[in-house]
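So the protein sequences, as listed, match chains A and B. Once you know that position 278 of the first sequence is 278 in the working numbering, the rest is easy, because the numbers rise by one and skip nothing. Once you know that position 24 of the second sequence is 1024 in the working numbering, the rest is easy, because the numbers rise by one and skip nothing.
It is worth saying that the hints were derived from the structure and are not from the lab. Treat the hints with care, as some may be off.
Computed footprint of chain A on chain B, listed as stretches where at least three residues anywhere in the stretch have a Cβ under 8 Å from a Cβ of chain A [to be verified]: (1) 1023 to 1031; (2) 1071 to 1078; (3) 1096 to 1110.
Here are the computed distance ranges between Cβ atoms for each label pair [stated by the list, open to error]: (4) E1111/B / A432/A: 52 to 60 Å; (5) R78/A / E1033/B: 34 to 42 Å; (6) L96/A / Q1093/B: 55 to 63 Å; (7) L1105/B / G342/A: 54 to 62 Å; (8) R813/A / E1033/B: 39 to 47 Å; (9) E1111/B / R8/A: 49 to 57 Å; (10) S1081/B / P88/A: 52 to 60 Å; (11) A442/A / S1081/B: 46 to 54 Å.
These numbers come from a predicted model, not from an experiment. Every residue, glycine too, gets a C-beta built ideally from N, C-alpha and C.
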Amino acid sequence: VSRPREPRLAHLLLRVLVRGPDAEFLLGDLAEDFQRVHAEWGAGRARGWYRRQALSTAAAWVRGGSRNTGDTWRREIRLAVRSLRKSPAYSVTSVLTFSVALGGVCTVAALAYSILRPLPYPDSERLVAVWETRDGEDRWVAPANYLDWRRSAESFQGLAAHDTRAVSVTVGEVATRDRVAVVSGNFFDVLGVRAVQGRTFDPGLDTRFPERVAVLSHRAWSEAFAADPRVLGRTFLVEDRSYEVVGVMPDGLAFPDPDLFAWLRSPTEAPGIAGFGGDVTTMRDAWYFEVVGRLAQESDAHAAGAEMDALTARLAELHPDTNRGHGARVIPLLAQSVAGAGPILLGLSLAVVIMLLAACLNVTHLTLARSEARAREVAIKRSLGATRGDVGRQVLVEASILSLAGGAVGLIVAVVALTYGAEFLTVLPRRAEMAVRPGVAALTMLLALGVGTAVALASWRLGFSRGRTRLAGLGGARGARSVRDDLAGARSLPGGMVALQVAGAIALLCVTGLMARSVHALASVDPGFEPEDLLTFRVALPDAPTRTYAERVSIYESVAREVRGLPGVGAVGVGSDSPLATGLRAGVFLDGDRTVDDPPSAGWQPVDVGYFEAFGMRLLAGRAFTAADVAGAPNVAIANEAFARLVGSTGPAVGARVTMGLDGHDRPLTIVGIVADTRTGGPAAPPFPVLYRPLPQTDRFSAASLLVAVRTEGGRGPGIAALRSTVRSSEPGLPLYAEAAGHDLARPFRRSQAMLLATLGAFATTNVLLALVGVYGVTAHEMGRRRREIGVRLALGAEPRSVTAHLVWRGVRAASAGVPVGIVLTLLLGKVFGSLLFGVAPSDPATLVGASAVVLATVAAAVYLPARTAARTDPAETTRSG
Amino acid sequence: VGKSLGEFEQMILYALVSLGDGAYGAAVRREIESRSGKHVSAGAVYTVLERLERAGLVRSRVGEPTAERGGRRRKHYLLRSDGARSLRDARDQMRRMGEGLDERLARLCSEDVR
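Whenever a hint applies, use it, and build me the whole structure from the sequences.
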């Protein structure tokens, strides 16, 4: 009866790790005990027992620090470093390969952790966002509803309102455009954030018309207020109103938006409508701000959602005109903040896992190729009494040194990538918080160690352990037997691994190709206006509310006139926003019929007479605005095609009369023209209906800031400096900001998609390079093994060229097994990235074929070099020596 | 040794007392497991035995290889008189600490249950 065998991997672990004078006795003890336990409890429990013993023994042995361990390991490491320094090409390539892959893993892990870790507020898991819903779709919250929620909902410790706005800020003499959040008094209490200087706001409800107070962001304090230590009590202007600084927030507070200038205490508990002076506290039909809540101790998001459902149902009964069909949705703030990041993180994770696998395979191949060169060294060691464990240990130490070095470089790569790259990944949330945190760094190094061990085990089992066969060859008996051994070895090579690597390279290249085609398709979408030779900027009137509407309009008109006078300027237009914006949204009533229950929603924008010409928008029917469309003249409007379709169901659009909610309640407008649609919904969505109205007739519009569009004549137009000085000279104190070229406006999504493309492209290129290195390593290894076979072929009269061709063909054929796997991987990745693709399907045949061809061509190139070298060697030499 | 013995060291010395001549790594490990009911790793036994040997508390001799052990040899351990004295001192020390405290300890234990 033969002895039962110990579990192989556990046994291997023990033999590699346990060494020193007592190793023999310890291993003997475990062998003896294993037999006993086996006889007593049976094979299953004995194997489990042995594995546990192996782990705890290995741990005790490594930790022990006795003469059995410390010294020998130190010697081992010294030996490994010396050996690695002797083959710098192998070492450097391996470290670089590891560092690229581990750097990628670390970067993506750091991104994921930075995004998914708890928000930086106390008990942040109790923070929720609360949205109004209409027919199940999220929308902002109306002031009167919000106040009812606050009074009645018991699931919350607090509900705070916040509304972020772009405003003119004047500190001392300097006026700039910046963003502020107008918040309810309890905002900071709900978040649980304290000021680093001064105080936050008084959380009391129903305190009407309190003093105007503000809490500065750290950025505003350190820049606009020059880090003044006595900043409390100083004042600044928002538009024309003076606010007193009562506190300064810590650096990094990024709620509701990163990089705010300040938080302003709303004069009423619900923030007012920008540019609307009236009381909003009874309004239920204007939805414009957001609500953040802190759940009560005994509540959770689910219970709060149920209470809000009941509450909103009651409000719908009380106020059927405005609240019918309205509900509320409670969602954890973290989930809301990171929504949309999921598919990108998943896709990037898949990409780096593919990269890491490729890197492991590569280094294994390289190590195997090197093992060929070291066969003699290993054989001599074995003949001098080194055990298989001794050789294995050396392989392990060498691989771990390489992988840990790779991990360290990878950490640096990740830190650099996040420091300089994160802000460009505009598709990801929480960009300001991106960092490689200690946990992620530790995990990366642990992974490096694991990867090194895996590579060592793989190459040890595939290569070095054949030392005994080699020893026979070394003795001088070379003949049919050792050639057959070599051939057997060549066949047992991990051909499947090459195919796998090829598959990974194809998949990443395909996804990159698809993204590239999406970016191209996005770029070629007609935005509905002419982005060539177009320049836009905004100007703001910090003192707008102190002037009459006619005064405000005349200031903008004079700015436009001055700019038009500059050399190289064609048309100049002024409007509330670019043609890609929908403007202010409101319900549309046809023919003045205000009885409709649920009017369709549309946007409207005030524009001047030059707007359409400056943007190059095509007039399809009717007329453009003229100088006669002034205040007091008949109220007119120009519709885009989508709006015309809205009206068209009841008759021709030109000449139709409509009224719009909020501003246009009592003011019927006659549609006098139709312009071509612009891509208001983004490149992929259908355009939104928009109505354009003459600037002089929209006197309920605040006109605190407007967009100026300048069409230049073929690159001869003025620079932004000239425009700035012109605007200053026509009206001193006007801030000019948000300068943009027409192309920037035209492609709102291109930048983020392009950054993702660049990231993926870097991954894909790296992966193809990795595949190149990997295939080269495998081929070099295989050629080493097959030298004698090739020598025999050459000696029998084969042409070197045909031998090379045969070898290249074999390599490509082996690699092409990876093509179908790569295509399946691509389709899987396509599911993840599908939402980011535009105008191209994940299964696009041209991309799949192209990427496969590129990768196979790369493989052919990688095989060609070692194959040619092998076919050129002297057959006499190769058949003689080992 | 100037230092007093640790708990695991004492357990190993007790095992050597109990096993007498037949003591070697695996036997020590089994003895500790069966007497204390604690799981012990072979590696830990060997690192401690080596430390005790260096401190002069135990001595060892190498036996013959056996097939049961995959052709490996055994290392037998014997308690030296220094080791026996250290163990006795440690045991006395603990006993003195506990003297006359049994009843009170039992009471404290039952209080906790209530």
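Hint-by-hint comparison with the structure:
Residues of the stretch 1023 to 1031 of chain B lying with their CB closer than 8 Å to a CB of chain A number 5, which satisfies the three-residue condition for coverage. Counting residues of the stretch 1071 to 1078 of chain B whose C-beta lies closer than 8 Å to any C-beta of chain A gives 4; at least three are required, and the coverage claim holds. Look at the stretch 1096 to 1110 of chain B against chain A: 0 of its residues bring a Cβ nearer than 8 Å to a Cβ of that chain, fewer than three, so the hint is violated. Look at E1111/B against A432/A: about 56 Å separates their beta carbons, and that is inside 52 to 60 Å.
Taking the beta carbon of each, R78/A and E1033/B are about 39 Å apart, inside 34 to 42 Å as hinted. At about 60 Å, the CB distance of L96/A to Q1093/B agrees with the hint of 55 to 63 Å. Distance hint check: the CB atoms of L1105/B and G342/A are about 58 Å apart, consistent with the given range 54 to 62 Å. Checking the proposed 39 to 47 Å range against R813/A and E1033/B shows it is violated: the Cβ atoms sit about 58 Å from each other.
Judged by the Cβ atoms, the range 49 to 57 Å given for E1111/B and R8/A holds: they are separated by roughly 54 Å. At about 59 Å, the beta-carbon gap between S1081/B and P88/A stays in the expected band of 52 to 60 Å. Between A442/A and S1081/B, the C-beta spacing of about 49 Å keeps the proposed range 46 to 54 Å intact.
The structure fails to meet hints 3, 8 from the earlier list, while all remaining hints are met.
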